[in-house]
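Number of protein chains: 2
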Amino acid sequence: MDFWEVLRARRSSRRFKDLPVEEEKISMILEAGNLAPSPVNRQPWLFIVIRNRQVKERIRDLAARTRQEWAEASGWNWLRKYDVEYLVEVPVMICVAGDPARGGADRFIPGQGESYAHACAAAVENMLLAAHALGLSGVWFTLFAKEELASILGLEPQYDPIALVCLGYSDDPTQQPGKRDYREKVRYLP
Amino acid sequence: MDFWEVLRARRSSRRFKDLPVEEEKISMILEAGNLAPSPVNRQPWLFIVIRNRQVKERIRDLAARTRQEWAEASGWNWLRKYDVEYLVEVPVMICVAGDPARGGADRFIPGQGESYAHACAAAVENMLLAAHALGLSGVWFTLFAKEELASILGLEPQYDPIALVCLGYSDDPTQQPGKRDYREKVRYLP
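These protein sequence lines map, in sequence, to chains A and B.
Throughout the first sequence, residue numbering follows my numbering, covering 1 to 190 in sequence.
Throughout the second sequence, residue numbering follows my numbering, covering 1 to 190 in sequence.
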């Protein structure tokens, strides 16, 4: 599939067909994540593939609690009604977790040290693009209290769960939301 | 160009031919960055396009100072010899700066609030992939004290400079460093 078509047509989906995702596609998406750049090529990511319904239910419950807490903290009332049931219906979730000890030299600098997480975010983007190239769709999900997600997934303390990448065959009728024109966000330095 | 070829062949370059980058290609790379996903589609990025030699020299000087500070703090002695002259030779740098106020609801939660930066990292990855698709190459540069870079670029206080994306026609003979096998970094949850 053409690179620009993938980039332009990628979109988030929150409703999925009741179809499993083929093993080979999951492998290709993991490989895509692993191809992201990282500081000093230290590849600070770990991928956890989640398909077990009970685990998905626990994540859905966590998301529902987190939603209430964050709605309270932010004052964003629409968040209280944000539907998280798709976390159970989605066939696959891949947690991308980062290891801060595999970051760049920035990690020794007070107030910096996020380069491992930025590399993980690049891996997430590669995975979402790869999913689209494979006819899948997904969403970059982050509505979770990190410590509780780490506990559900049995992550060792050094790992920081950056995102849950939800993946399946889309059955989402909503439109791609579109973006502001990129030219509104560019400055050309004289 | 084929999506998978772009993903697999993308690589970092730190030596560039003495050739300008066409305006149209810069625009396409900016558009690619703007196509990244973001929390609540708030698109928290600002792109600053840098081609002025004097500005590049100031950034090179800042990188050289930062290199010494970070080498000291990290104990990574190899960093002292990391060559930053390519920051002057590279034809274009694009700073991707994030606006924390345009993040997700996580920004109201103590100890979280990095979703705006993760969206910016996804934009950086889109830009590096797009550059490769256009025959260019570059590097995701972060060896800078953030406050000083913000000052050189005249950024308002709300912006957080996430990365400098260096872009040009590669003249870098070093090999792609390669990755560990992705299967070493995957856990399948039972």
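Worth flagging that the hints you see were computed from the coordinates, not collected in a lab.
Mixed in with the good hints there might be a few duds.
[What the hints assert, rightly or not] Covered, in the sense of this in silico footprint (three residues per stretch, anywhere, with C-beta under 8 angstroms from a C-beta of chain B), are these stretches of chain A:
no., stretch
1, 13-22
2, 37-46
3, 53-62
4, 66-74
5, 81-91
6, 166-177
[Unchecked claim] Only pairs whose alpha carbons sit at most 25 angstroms apart, straight line, appear in this in silico BS3-like list of lysine-lysine:
no., chain 1, residue 1, chain 2, residue 2
7, B, K81, B, K25
8, A, K25, B, K179
9, A, K25, A, K179
10, A, K25, A, K81
11, A, K179, B, K17
12, B, K146, B, K81
[Stated by the list, open to error] According to the in silico footprint, chain A covers these stretches of chain B (three or more CB under 8 angstroms from chain A):
no., stretch
13, 51-57
14, 102-109
15, 119-132
16, 139-153
17, 173-182
Cβ atoms here follow ideal geometry from the backbone N, Cα and C, with glycine treated the same way.
Cross-check of the supplied hints:
{"no.": "1", "hint": "13-22", "result": "violated (count 0)"}
{"no.": "2", "hint": "37-46", "result": "holds (count 6)"}
{"no.": "3", "hint": "53-62", "result": "violated (count 1)"}
{"no.": "4", "hint": "66-74", "result": "holds (count 5)"}
{"no.": "5", "hint": "81-91", "result": "violated (count 0)"}
{"no.": "6", "hint": "166-177", "result": "violated (count 1)"}
{"no.": "7", "hint": "B:K81 - B:K25", "result": "violated (32 angstroms)"}
{"no.": "8", "hint": "A:K25 - B:K179", "result": "holds (20 angstroms)"}
{"no.": "9", "hint": "A:K25 - A:K179", "result": "violated (28 angstroms)"}
{"no.": "10", "hint": "A:K25 - A:K81", "result": "violated (32 angstroms)"}
{"no.": "11", "hint": "A:K179 - B:K17", "result": "violated (34 angstroms)"}
{"no.": "12", "hint": "B:K146 - B:K81", "result": "holds (21 angstroms)"}
{"no.": "13", "hint": "51-57", "result": "holds (count 3)"}
{"no.": "14", "hint": "102-109", "result": "holds (count 6)"}
{"no.": "15", "hint": "119-132", "result": "holds (count 10)"}
{"no.": "16", "hint": "139-153", "result": "holds (count 5)"}
{"no.": "17", "hint": "173-182", "result": "holds (count 4)"}
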